[in-house]
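Asks: This is what each chain is made of:
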Amino acid sequence: MTPTEFLVLTRGPLFDIAVTIFVFGIVLRLFEVLILGRKADLAAARGAEFKPGMATVMRRFVPDREKLQGSPVVTILGYLFHVGFFVCLLLFVPHIELIHSTLGISWPGLPTAMIDAVAVITMLALVGLFINRLNSKLLRFLSTFEDYFLLVVVFLTLFTGYLAFHRIVEPYPTALALHLLSVELMLVIFPFTKLMHTFTAFLGRYYNGAMYGRRGVES
Amino acid sequence: MSGTSLQRGLKAWMEEMDAPVASFFSSCVHCGICAEACLFYTETGDPKYTPIHKLEPMRRFWQQEFTLFGKLLKTVGLSKPVTDEELEEWETLVYDSCTLCGRCSMACPVGNDITYMIRKAREGFVASGHVPKGMVGAAGRAIRIGSPMGVKLSALEAQIRHIENDTGLKIPVDVEGADYMALLSSMEIMNFPEYIEALARIFKQAGVSWTLCSEAFEATNSGIQIGSKDIARQLVQRVVDGAEKLGVKYVISPECGHAYFAIRWEGPNLIGREYKFEVVHILELLDQLRAKGRLKVSEKFDERLTFHDPCQIVRKGGVLAETRNLMGMIASNFVEMEDHREHNWCCGGGGGVSSNERADELRIKVFSRKKKQLDAVAPETLVTACANCRLMLEDGLEEYHMELPVTGLTEMIAEKLVEEEK
Amino acid sequence: MSDHNTLGEILRERGVSRRGFLKFCTATASMMALPPTMTMAVAEALEKAPRPSVIWLSFQECTGCTESLTRSHAPTIESLIFDHVSLDYHHTLQAASGDAAEAAREEAMHAHHGKYLLVVDGSIPLGDPGFSTIAGISNLDMLKETAEGAAAIIAVGTCAAFGGLPHAAPNPTGAVSVSDIIKDKPIVNVSGCPPIPSVITGVLAHFLTFGGLPELDQYGRPMVFFGQSIHDRCYRRPFYDKGLFAETFDDEGARKGWCLYRLGCKGPMTYNACATMKWNQGTSWPIESGHGCLGCSEPDFWDAGGFYKALSIPTSDLAGAIGTGLGVGAAVGIAAGAMAHKKKTDAEHEREPLTVEQLEGES
Ligand code: SF4
Ligand code: SF4
Ligand code: SF4
Ligand code: SF4
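Going line by line, the protein sequences match chains A, B and C.
Here this note's numbering is used: the first residue of the first sequence is 1, the next is one more, and so on.
Here this note's numbering is used: the first residue of the second sequence is 220, the next is one more, and so on.
Here this note's numbering is used: the first residue of the third sequence is 642, the next is one more, and so on.
This is chain A alone, in the form it adopts within the complex:
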């Protein structure tokens, strides 16, 4: 297979398949979660549900003192990684183009030099998180194969993107195809791994906030 054929494959049919599985999986998983439903709470409410639910969704974005003290590495690197990843994903022009072509929406991108720096920071954060997972007794205990594997997969999406952008791997079609391939891998496993928290964390936070809110507590 020539590099261009490889690129055409990853840019065409494989991307199609990956996106189909991704969307299928997300929808399936969301149904699996939501159809289980929630029993109506018969206890007289002290507070509302909706507003506190939404408030908790927002509040858990903010790292508090306890997290910074108790889990500084996870909190700081985790934060860097999440922000960095989304900056690279959503503010790099070629990515915006992709979104524009599929969803028809578009926004201005960041200068590539900035994306470049953010990508490096994000990759370093991921490496740090990986090392931390291996080093901390607590995290080593909690970690499953999936936890390490996903760090690698997410790292690969950034790393291959970085290689392609800087043409470290030649020829370019191969580099771009590798990038697409790693993204496709991530898309395919996404719904069936903890990556799903990208969606369910919002549900979970909402439920948490709503259940506590009903009892008059800000959670």
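Careful: at least some of the hints might be erroneous.
[As the list claims (entries may be wrong)] Only pairs whose alpha carbons sit at most 30 Å apart, straight line, appear in this in silico DSS-like list of lysine-lysine:
1) B:Lys389 to B:Lys519
2) A:Lys39 to C:Lys984
3) A:Lys194 to B:Lys267
4) B:Lys290 to B:Lys267
5) A:Lys39 to C:Lys985
6) B:Lys464 to A:Lys39
7) C:Lys985 to B:Lys293
8) A:Lys137 to B:Lys299
9) A:Lys39 to B:Lys293
10) B:Lys423 to B:Lys511
Hints were generated in silico from the structure; no laboratory data involved.
Since the structure is predicted, the reported quantities are computational estimates derived from the model, not experimental observations.
Using the hints provided, position chains B and C with the ligands relative to the given structure of chain A.
Replies: Chains B and C with the ligands in isolation, oriented as in the chain A frame:
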């Protein structure tokens, strides 16, 4: 089905699964932040006490039964079914090292309400027969005698006579049509009868029409701690029947935290209908009286006071501002511990741990968290609002050789009440 | 064709001054990434370069490559160099045709066996030999036959180098490149659709100067011309880096000369010398004239997604994929969810209350 069995336990889990549980399990990223929020981990450094890890068997069961992918994993043998041995191993994690304090639920970055799930997990453990003996004993006494500590009506009557003789106050029992029906916890009857006296004094001053109920005076609910809805339902039903028979408008939960959570928040869901009365926590009522000017104190305490927030009342129960309003009324030198209100650390004995002797050693060990908190502010008296917390605090303080009196907020108020001439 | 034997003689005869010649040598040296000190060596080598015999075979092609080389508006040293070679066979350019032409080819093959240069443009059909024949000889046979005695082969244009347009899906003729067939000869791919004329002559100059082939990239292209991407040398690159893009061919951005990425420019994946050598004697080049790069020097550029589709956009029907995912996901999700929900409610209905007696019996 006659006895308990793994099958029965798994079936109980089947019932417990709901959308929140499914989102929580789907979301966990194994970040370990919940561990740092749980005193069983922070004080032992043992990772097995990580809150979410306590749910590992239930998570697998959920994945295998409620997700297509999990079914697939199970079919190809990559995900092993839950076994009796496993539940046995996890029993200590779920009961001995969790007080259902809710602190982890406040910390998880993806919003997992882990406590909510541990409460549900216990349904499966109890139905499969993996429960600590001490808690079974308490539940048995609660069902047969009416109180987990085996306190009978005659014992309560003796205490009432005692208080009436000592103080000349009247403690009404079974008064039909009273506004309020007060509940007690066995610990209050046996260890802290001052609480009953305090109620009598305060209600007299404030002119509250109240009564005790001879058929339903016990507020604590061992069924919830052990994790059995069926047992919990019977206990709640007694209170509901008593209150409806007397026709009261309100039922007053005692200070006891688990009692409050049981009767206030779980009760209606257990009996499957809304109450015909309202449940108020004693501190809520006292704060209402305070706001209406019906509760007056003559002076404040000068000592340095701090307040231990009982998890079930404050963080999980929602009685927050009331505690500080009332403290403000009686304390001139009030200090907050570093983590307070909904971020307070548990006394270590909630969630049935106090009735599980097997857990005593661990409970005392993790009390070191409370010690650190207290050492940092060095109060002269520690105020709380839960008889169970109070017992656990006293026990812990003694073990750590700390001289610090512990008292209940209601009693503190009663002590400084303005004596009005009749 | 000249009768003189060295390039120097030809140039002088055509009135090229010494200064002009040296200027060309300097340019050639720098084009070939040689240090300036090598200019004299290049000049000397070229001056004395003997006339090599060249056989030019054209297969499935459009003559664009020959045009590119010959249709210079003014006579250039490049064209003179080209003149210098003894083009013994080129069926488009030569006067002879039919048997006479074939005879010329065979003669050259015999006379210069092992020494002649073979230049090929156009792809070779493998589907049916009858798709393209010359004097009744199929392209495949002619290529094999002629390659046999060649010193080296220069595949000119993307068709000869990679299959090019005839190779584009669905490739009805089964077109392949020279290197797909000939495995035992040094081959230089001078890709491009068409290739830049100076690149062809540059390769010839290199051959003449050093008697061998230049350093090649992984696609067999001379590194000196194909070592850098269009994107890396593009003068619009600062706009790309700043995130300033033309959205249409006549908008504000287009007028300001912003980057053409969003309009489908394939510069980032294309290796060619356009950005530095430009076209038409350095007049301009596609991106400078306002159109994105098509990627014409890359293998399969016809099939690498649409010319006006940004490089990062999937070539497939993503909306369809999303639709399918949504539909199937919802159907399976509802079915699975309903089953799960039923399990849960069944468990509730079948429930028998747990009693303390049962508990005490166990523990
Ligand atoms: S509820 Fe409290 S004791 Fe239980 S796991 Fe969570 S933090 Fe630990
Ligand atoms: S804090 Fe939440 S996400 Fe992190 S390990 Fe605990 S349950 Fe999982
Ligand atoms: S116009 Fe094309 S080659 Fe030039 S910077 Fe933009 S994308 Fe790159
Ligand atoms: S700019 Fe691109 S498409 Fe145009 S001639 Fe150069 S390589 Fe070919």
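Asks: A separate judgement is required for each hint: does it hold in the structure or not?
Replies: Cross-check of the supplied hints:
1. B:Lys389 to B:Lys519: holds, 26 Å
2. A:Lys39 to C:Lys984: Measuring from Cα to Cα gives roughly 16 Å; hence the hint holds.
3. A:Lys194 to B:Lys267: Holds: Lys194 of chain A and Lys267 of chain B sit about 20 Å apart, inside 30 Å.
4. B:Lys290 to B:Lys267: holds, 26 Å
5. A:Lys39 to C:Lys985: Given that 30 Å is the threshold and the Cα spacing comes to 12 Å, the pair holds.
6. B:Lys464 to A:Lys39: holds, 29 Å
7. C:Lys985 to B:Lys293: Cα-Cα ~19 Å, so holds.
8. A:Lys137 to B:Lys299: Distance of about 25 Å is within 30 Å: holds.
9. A:Lys39 to B:Lys293: holds, 28 Å
10. B:Lys423 to B:Lys511: holds, 15 Å
In summary, this structure violates none of the numbered hints.
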